[in-house]
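J.: In order, the protein sequence lines correspond to chains A and B.
Positions in the first sequence are counted from 1; adding 74 to them yields the numbering used here.
Positions in the second sequence are counted from 1; adding 74 to them yields the numbering used here.
Simulated from the structure, these hints should not be mistaken for laboratory data.
Careful, some of the hints might be misleading.
Pairs involving identical chains hold if they fit within one copy or between any two copies, as the list cannot separate such chains.
Unchecked claim - Pairs of lysine to any residue, SDA-like flavour, derived with a Cα cap of 25 Å:
| hint | residue 1 | residue 2 |
| --- | --- | --- |
| 1 | 175 | 124 |
| 2 | 224 | 99 |
| 3 | 186 | 372 |
| 4 | 224 | 100 |
| 5 | 224 | 366 |
| 6 | 224 | 176 |
| 7 | 224 | 98 |
| 8 | 224 | 102 |
| 9 | 224 | 101 |
| 10 | 186 | 304 |
| 11 | 175 | 189 |
| 12 | 224 | 355 |
2 protein chains.
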Amino acid sequence: MGEFELIRTYFQPLADGAGQDQLLLGPGDDCAIQRVPPGLDLVFSVDTLVEGVHFPSDYSPDHLGWRALAVAVSDLAAMGASPVCFTLALTLPDANPGWLKPFSEGLARASKAFGIALAGGDTTRGSLTITIQVHGTVDNGRALYRSGAKPGDLICVSGTLGAAGAALHYLAETDPSPAQLALLSRYHFPQPRLELGQQLAGRASSAIDVSDGLLADLGHILEASGTGARIDTGRIPMMAELVTLKGENARDLALGAGDDYELCITIPPEIFETLEHSVARELAVIGVITSEPGLQLSGPAPSGIQGYEHFGRPA
Amino acid sequence: MGEFELIRTYFQPLADGAGQDQLLLGPGDDCAIQRVPPGLDLVFSVDTLVEGVHFPSDYSPDHLGWRALAVAVSDLAAMGASPVCFTLALTLPDANPGWLKPFSEGLARASKAFGIALAGGDTTRGSLTITIQVHGTVDNGRALYRSGAKPGDLICVSGTLGAAGAALHYLAETDPSPAQLALLSRYHFPQPRLELGQQLAGRASSAIDVSDGLLADLGHILEASGTGARIDTGRIPMMAELVTLKGENARDLALGAGDDYELCITIPPEIFETLEHSVARELAVIGVITSEPGLQLSGPAPSGIQGYEHFGRPA
């Protein structure tokens, strides 16, 4: 099967599915065309997943399709943006329908769930590598940066943390328990916090998605904002299954493990007071931004945790 | 050196260099932000280069930096768009400054030459793979598609064809002749036809850049437009050095070899008559669009040529 036929067969349906008005021209030409309505800013991000680095070699292509798009879309959530379209640069060792079909199906499910249409792509031969660039839009000037945190702002996280990181231990489990399955589902099917991000656009002072681990990602906010933070580790929200399975290590995972794709946001207390109940209940307040640099932890002590840096030594 | 430090050191200068008003937020946050002015459409394309497939393993990182961006920008030229910004997804076996420095310098030269600023990226570990997505803008509704060719339209190409394809034979030459150097320069430093594309936006009926070979790329126009074409192979423009070095094979390369990144455009004859002299002289008329499907060649006969398809058998 030739490249062009391959792309048409498996990926063309993703261009039609999410029906985005802004997408004037989808895959098949030299470029795609998006018409951004007046009053909106274009927000975009690119993410690469490499086999053996970001997912195991025998990882389910169906799960991978979802994960690859979800991980990229999570960056739109962190900016408070609404998804529009994405491109897929797919490097494959061969054009194997047994892999392409489930991968494209997982991708299609995510595309539909997040309302994001395939706009274009490139297919090349090589080691399995998936690069996705997502496009979203947000009202002019209301995108959430990492750099806006101010002393006194409350530090909040959405959902629960640590489950996806714990799930890495169970990926090879042939007969996982219900608790293990609950954690595995967090790893396989990340749910970008799009609605929450959009509700906080123009209101939170900063935001980031938790991809590398809470402490590492909060660290990015602190560095970009020129501030410090005080965190009460006892307030980090965790799934009951994580605490059951991991006991004393659960909190370490919640602080240091990545792949959860929850949001970490900072918000001035007077704005927090004005949040709708439906928004506030999505957030756990875990600490406060300080003018002194550095991160102070109170509460149960963590042990030996760190964020993941692709080429890094332990920081 | 950690990933973030690495990116800052080598690539941050590319974010500042091309100074694009539209780029509200560059690298370093969850997303970049572009504000597309009213009246313009966003035009974007993604291209991947894989070591050992799209360039040799010992290929100069400096040349590669230029080539990777030029090849992607060429798709903007084919749409008639003006470059704005790009993202770089770079997969590397290691963070080797001896490779990163010249690669980033070649990339920076291209970034400056084409007026396109780095907006963001991702750096991962794996086999050397370079994915670049370029963003440009064009006046609403004036982008050039592949699908607009009509019977009677003149088929034109810019510059000369075949030189970059011929250069593949000389990549390992330790002491290339001046003629070989002339061809090698076409391979190493493609020059996207941005100005020409912009001048033809809203005027040509279709366009494509010649990346896979003239016959293959013209074939994409014919398929998208539902037309055929008649080409006079004697009219294909070629560099004198190509004819000197390749003799009877020169025309085959001009028809079948890729990597030239010239434009192939179709244009109604009555519009061709209105082109400024400075635009018309950039174009060679090589044939005409026909209502009968298929491609008819007249003039000197080619032998055994075909476009390049990444996973393809010979068509």
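J.: Is it within, between, both, or neither for residue 224 and residue 366, if the alpha carbons may be no more than 25 Å apart?
T.: within (11 Å within a copy, 68 Å between copies)
J.: Indicate which option fits the pair residue 224, residue 102 if close means a Cα-Cα distance not exceeding 25 Å: within, between, both or neither.
T.: between (46 Å within a copy, 19 Å between copies)
J.: For residue 224 vs residue 100, is the C-alpha pair at or below 25 Å within one copy, between two copies, both, or neither?
T.: Between copies only: 22 Å across, 41 Å inside.
J.: Are the CA atoms of residue 224 and residue 101 at most 25 Å apart within a copy, between copies, both, or neither?
T.: between (43 Å within a copy, 22 Å between copies)
J.: 25 Å Cα cut-off: does residue 224 pair with residue 98 within a copy, between copies, both or neither?
T.: For residue 224 and residue 98, only the inter-copy Cα distance (21 Å) is at most 25 Å; the intra-copy one is 40 Å.
J.: Between the shortest in-copy and the shortest cross-copy C-alpha distance, which are at most 25 Å for residue 186 and residue 372: within, between, both, or neither?
T.: neither (42 Å within a copy, 49 Å between copies)
J.: Between residue 175 and residue 189, at a C-alpha cutoff of 25 Å, which is it: within one copy, between copies, both, or neither?
T.: within (20 Å within a copy, 40 Å between copies)
J.: Can you give me the call for residue 224 and residue 176, within, between, both or neither, at a CA distance of at most 25 Å?
T.: neither (45 Å within a copy, 39 Å between copies)
J.: With identical chains, the pair residue 224 and residue 99 could be close in the same copy or across copies; at 25 Å between alpha carbons, which is it: within, between, both, or neither?
T.: The answer is between: 20 Å across copies meets 25 Å, while 42 Å in one copy does not.
J.: Measure nothing new, just compare the shortest in-copy and cross-copy C-alpha distances for residue 175 and residue 124 to 25 Å and report within, between, both or neither.
T.: Intra 19 Å, inter 23 Å, cutoff 25 Å: intra and inter.
J.: Reference check for the pair residue 224 and residue 355, CA-CA at most 25 Å: within, between, both, or neither?
T.: For residue 224 and residue 355, only the intra-copy Cα distance (23 Å) is at most 25 Å; the inter-copy one is 59 Å.
J.: For residue 186 and residue 304, with the copy left unspecified, which applies at a CA distance of at most 25 Å: within, between, both, or neither?
T.: Answer is neither: 39 Å inside a copy and 43 Å across each miss the 25 Å cutoff.
Hint check: violations occur at hints 3, 6, 10; the rest are consistent with the structure.
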